[in-house]
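Novice: Residue numbers (full-length UniProt numbering): 1 to 393.
Hint data in this document are derived by calculation from the structure and do not stem from the laboratory.
It is possible that some hints are incorrect.
[As the list claims (entries may be wrong)] If you anchor each label on the Cβ, the simulated ranges turn out as follows:
{"hint": "1", "residue 1": "GLN257", "residue 2": "VAL14", "range": "29 to 39 Å"}
{"hint": "2", "residue 1": "ARG295", "residue 2": "GLY255", "range": "22 to 32 Å"}
{"hint": "3", "residue 1": "GLU306", "residue 2": "GLU124", "range": "20 to 30 Å"}
{"hint": "4", "residue 1": "LYS36", "residue 2": "VAL14", "range": "17 to 27 Å"}
{"hint": "5", "residue 1": "ARG256", "residue 2": "GLY59", "range": "54 to 64 Å"}
{"hint": "6", "residue 1": "MET133", "residue 2": "ARG256", "range": "13 to 23 Å"}
{"hint": "7", "residue 1": "VAL65", "residue 2": "ASP309", "range": "30 to 40 Å"}
{"hint": "8", "residue 1": "ALA185", "residue 2": "GLY392", "range": "15 to 25 Å"}
{"hint": "9", "residue 1": "VAL14", "residue 2": "ALA299", "range": "24 to 34 Å"}
{"hint": "10", "residue 1": "SER285", "residue 2": "GLY255", "range": "17 to 27 Å"}
{"hint": "11", "residue 1": "GLY255", "residue 2": "GLY59", "range": "56 to 66 Å"}
{"hint": "12", "residue 1": "GLU306", "residue 2": "LEU186", "range": "44 to 54 Å"}
{"hint": "13", "residue 1": "ASP58", "residue 2": "PRO343", "range": "20 to 30 Å"}
{"hint": "14", "residue 1": "GLY301", "residue 2": "GLU127", "range": "37 to 47 Å"}
Source: prediction; values computed, not measured.
Even glycine gets a Cβ: it sits at the ideal position worked out from N, Cα and C.
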Amino acid sequence: MTSTPTAGTRPDDVRRHNRAALLRRLHVDGPATRAKLATALGLNRSTIKALVDGLAEDGVVEERVPAQRSGAGRPSLLVLPQPQAAVVLAIDIRVDRAAMALVGIGGQILGRDSWRVREEKRREPREVFTKIMDCYGPLIAEEDASPVAVGVSVPGVVRHADGFVHEAPNLHWSDVPLGAWLSHALKLPVHMGNDGELGALAEHLRGAARAVDDMVYVSAEVGVGGGVISNGVSLRGAGGHHIGEVGHMVVRPGGRQCYCGSKGCWETEVGESALCRALGLEEDSPVGAIVAELRALAARGEAELERLDEFTEWLALGLGNVVNLLCPQLVVLGDLFTALPAPVVERVERKVRESSLVSRALGGTRVVTSKLGSDANLLGAAELAFETVLAGW
1 MTSTPTAGTR
11 PDDVRRHNRA
21 ALLRRLHVDG
31 PATRAKLATA
41 LGLNRSTIKA
51 LVDGLAEDGV
61 VEERVPAQRS
71 GAGRPSLLVL
81 PQPQAAVVLA
91 IDIRVDRAAM
101 ALVGIGGQIL
111 GRDSWRVREE
121 KRREPREVFT
131 KIMDCYGPLI
141 AEEDASPVAV
151 GVSVPGVVRH
161 ADGFVHEAPN
171 LHWSDVPLGA
181 WLSHALKLPV
191 HMGNDGELGA
201 LAEHLRGAAR
211 AVDDMVYVSA
221 EVGVGGGVIS
231 NGVSLRGAGG
241 HHIGEVGHMV
251 VRPGGRQCYC
261 GSKGCWETEV
271 GESALCRALG
281 LEEDSPVGAI
291 VAELRALAAR
301 GEAELERLDE
311 FTEWLALGLG
321 NVVNLLCPQL
331 VVLGDLFTAL
341 PAPVVERVER
351 KVRESSLVSR
361 ALGGTRVVTS
371 KLGSDANLLG
381 AAELAFETVL
391 AGW
């Protein structure tokens, strides 16, 4: 969200504010005509012309004739952001793999790399940091791009101010100054966040929740995490820490032991291992095997989906609690949850609507699956980095 310049603001500050707002609009919503930009930003056409001309001279945007024309007469030119004008490095660290990508203005992924970290030694903090540095040079050389900021997604409790990872239980990390390591080594500003928070940000800006200002993102891998968008912005708690450790909400007191040290956490009933148990697979089965079994189950018909009844009950119970607490218009299910058969998702949505007082008051909270899939965290990390990059234009 952008603020409005107040009375007494210097002309140069107003120009910078308007320039950043215009570029942000193009970055998030894509190409637009000058007329549409004027309407969206509440600026007159002469101001828009000056801003677009200035950004074009700097190589940040260009204007083109639209590929598809409608109506008679000369078509209005579209203003497009130039992806290479500002590039960020996005990093997504997970329990079994890590990925990095160069992302340009407009959210375009220019190049990427990924590697497995399933073995415990390979996901030790120093090993992950070393691998990032090993892959960084070849990636920027291949794409001939120089990033101006870094965004990092981590499945744990992260301090936004400096990227200090207090705890990432499923990675077995504790008190890791990853942000400081990367900032020192890359000589770039580094912005870090929790994976659920950044997944929510990506879905809000580029995925299933683009038109929704109040939403919750819940994703499952080894653990279960979440993020909250409230009034169009990421909701954070004390000290700037994220809100959304929904996987460690206790739903079954005295239940299974969780990585976090507690028992009966929601993720012990709906996480990767729980889904394996429901499907009759070994608990350490790879994600590919889980997805293949879910697809096979769906293909055999709804009668076969009864095997997921208990899993569905636990998923709906936890989501009902989340909806009652946070009052979202929309719940987006990410990562492994995106492979759930459509009838299962529909049943979960129905149960949440029936059991949640808040959902009934809202006329029924919708539950959908992610449109971004495994790229949600990566794109969210990029958006976190872009927040300051675009504000500086």
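Novice: Evaluate the given range 44 to 54 Å for the C-beta pair formed by GLU306 and LEU186.
Specialist: holds, 51 Å
Novice: For the pair GLY255 and GLY59, does the Cβ-Cβ distance stay inside 56 to 66 Å?
Specialist: For GLY255 and GLY59 the Cβ distance comes to about 57 Å; the hint holds.
Novice: With respect to the beta-carbon atoms only, verify the hint that LYS36 and VAL14 lie 17 to 27 Å apart.
Specialist: Hint holds: Cβ distance 21 Å, inside 17 to 27 Å.
Novice: Evaluate the given range 22 to 32 Å for the C-beta pair formed by ARG295 and GLY255.
Specialist: The hint (22 to 32 Å, Cβ to Cβ) holds, given that ARG295 and GLY255 are roughly 29 Å apart.
Novice: Could you say whether the range 15 to 25 Å given as a hint is met by the Cβ separation of ALA185 and GLY392?
Specialist: holds, 22 Å
Novice: Is the gap between the beta carbons of ASP58 and PRO343 within 20 to 30 Å?
Specialist: For PRO343 against ASP58, whose Cβ atoms are near 52 Å apart, the range 20 to 30 Å is violated.
Novice: Range first: 29 to 39 Å. Now tell me if the beta carbons of GLN257 and VAL14 are that far apart.
Specialist: violated, 58 Å
Novice: Note whether the CB distance of GLY301 and GLU127 lies within 37 to 47 Å or breaks it.
Specialist: holds, 45 Å
Novice: Per the hint of 17 to 27 Å, is the separation of the Cβ atoms of SER285 and GLY255 within bounds?
Specialist: holds, 21 Å
Novice: Kindly confirm whether 24 to 34 Å is satisfied by the beta carbon distance between VAL14 and ALA299.
Specialist: The hinted range 24 to 34 Å is violated for VAL14 and ALA299, with Cβ atoms some 59 Å apart.
Novice: Evaluate the given range 13 to 23 Å for the C-beta pair formed by MET133 and ARG256.
Specialist: violated, 37 Å
Novice: Could one say that the CB atoms of GLU306 and GLU124 fall in the range 20 to 30 Å?
Specialist: 42 Å Cβ-Cβ, so the 20 to 30 Å window is violated.
Against the hints set out earlier in the document, violations occur for numbers 1, 3, 6, 7, 9 and 13.
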